[in-house]
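Engineer: The listed protein sequences correspond, in order, to chains B and G. Start counting the first sequence at 1; every next residue gets the next number (my numbering). Start counting the second sequence at 1; every next residue gets the next number (my numbering).
Calculated from the structure, these hints are not laboratory results. Predicted model only: the values in this text are computed from it and were never measured. Take these hints with a grain of salt, some might be off.
To give a feel for the contact side, a few chain B residues facing chain G, derived at Cβ under 7 Å [to be verified]: (1) 42; (2) 43; (3) 44; (4) 98; (5) 100; (6) 102; (7) 104; (8) 105.
Beyond 12 Å from chain B on every Cβ pair, some chain G residues (computed) [said to hold, decoys possible]: (9) 12; (10) 16; (11) 32; (12) 50; (13) 63; (14) 67; (15) 82; (16) 91; (17) 98.
Here are the computed distance ranges between Cβ atoms for each label pair [claimed, not checked]: (18) 2/G with 22/B: 25 to 31 Å; (19) 26/B with 40/G: 31 to 37 Å; (20) 55/B with 79/G: 24 to 30 Å.
Idealized CB from N, CA, C, for every residue including glycine.
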Amino acid sequence: SQTIHQWPATLVQPVGSPLSLECTVEGTSNPNLYWYRQAAGRGLQLLFYSVGIGQISSEVPQNLSASRPQDRQFILSSKKLLLSDSGFYLCAWSGGNYEQYFGPGTRLTVT
Amino acid sequence: GQNIDQPTEMTATEGAIVQINCTYQTSGFNGLFWYQQHAGEAPTFLSYNVLDGLEEKGRFSSFLSRSKGYSYLLLKELQMKDSASYLCAVTRGGGYNKLIFGAGTRLAVHP
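Please model the entire structure based on the sequences and the hints provided.
Structural biologist: Put into structure tokens, the structure is as follows:
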């Protein structure tokens with residue numbers, strides 16, 4: 001069966017510090033991968049998606065970036081965090097159908 | 001562009017029936033998802049409608065009218081554990097299963 005992991009689960013970082021969030025998927029090959037952000041009380045905003053290694057599409061211009069160094073690894077990064085980057089970050093994958101499966105999420109607080 | 005509307009909050013009584021509506025406007029519509037999200041947790045899949053009509057799955061049913069840009073999620077025999085946010089999301093064709101989420105409806109079930 002397929003599983004999706006994210007870490008860390010929670011993170012508190014000062015403004016201006018770098019960020020690296022990691023997502024890995026097990027039990028499937030060549031998944032589509034997605035990064036979402038959910039601000040408090042808001043819906044999910046798609047940040048990035050990837051259809052293959054090294055292929056990243058950005059949905060919203062911002063100070064975040066994403067990379068896919070391996071088939072089942074998706075990384076979200078920032079060189080300098082802003083207060084507005086606080087939120088719940090969710091990684092998801094999809095296969096041959098349209099359903100997306102979400103990881104447990106990372107709660108990021110920028111202070 | 002895309003627009004997805006859902007009520008922000010709803011309340012209901014344990015054992016009752018509640019209907020959560022979702023209206024959407026999007027180009028290239030392919031299908032509509034409903035996800036359940038408990039506070040602080042990742043969304044979990046409830047249903048996916050592509051064709052017009054009602055899809056029933058246990059206590060939960062989902063309806064879609066493509067011509068009206070309208071869907072609803074029907075929850076029967078409400079339980080306290082059904083207190084959660086319910087997210088409506090539309091998917092468009094394009095090969096990468098992109099989902100556009102509404103802001104979600106927070107449902108509170110009272111005894």
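Engineer: Indicate, hint by hint, whether the structure satisfies it.
Structural biologist: Right, here's what the structure says about each hint:
1. 42: At about 6 Å, which falls below the 7 Å cut-off, the nearest Cβ of chain G leaves the hint on residue 42/B intact, so it holds.
2. 43: 4 Å, holds
3. 44: 4 Å, holds
4. 98: Where the cut-off is 7 Å and the nearest Cβ of chain G is about 5 Å from residue 98/B, the hint holds.
5. 100: 6 Å, holds
6. 102: Nearest chain G Cβ about 4 Å off; hint holds.
7. 104: This hint holds: residue 104/B lies near chain G, its Cβ roughly 6 Å from the closest one there, short of 7 Å.
8. 105: 5 Å, holds
9. 12: At roughly 20 Å from the nearest Cβ of chain B, residue 12/G sits farther out than 12 Å, so the non-interface label holds.
10. 16: 25 Å, holds
11. 32: 10 Å, violated
12. 50: Given a closest Cβ separation of 8 Å, the condition is violated.
13. 63: 18 Å, holds
14. 67: Holds, since 20 Å exceeds 12 Å.
15. 82: Nearest chain B Cβ is 19 Å from residue 82/G, so the label holds.
16. 91: Per Cβ check, residue 91/G is inside 12 Å of chain B; nearest 5 Å; violated.
17. 98: Residue 98/G not clear of chain B: closest Cβ-Cβ about 7 Å, inside 12 Å.
18. 2/G with 22/B: 25 to 31 Å: 29 Å, holds
19. 26/B with 40/G: 31 to 37 Å: 23 Å, violated
20. 55/B with 79/G: 24 to 30 Å: 43 Å, violated
The structure fails hints 11, 12, 16, 17, 19, 20 (numbered hints given earlier, in ascending order).
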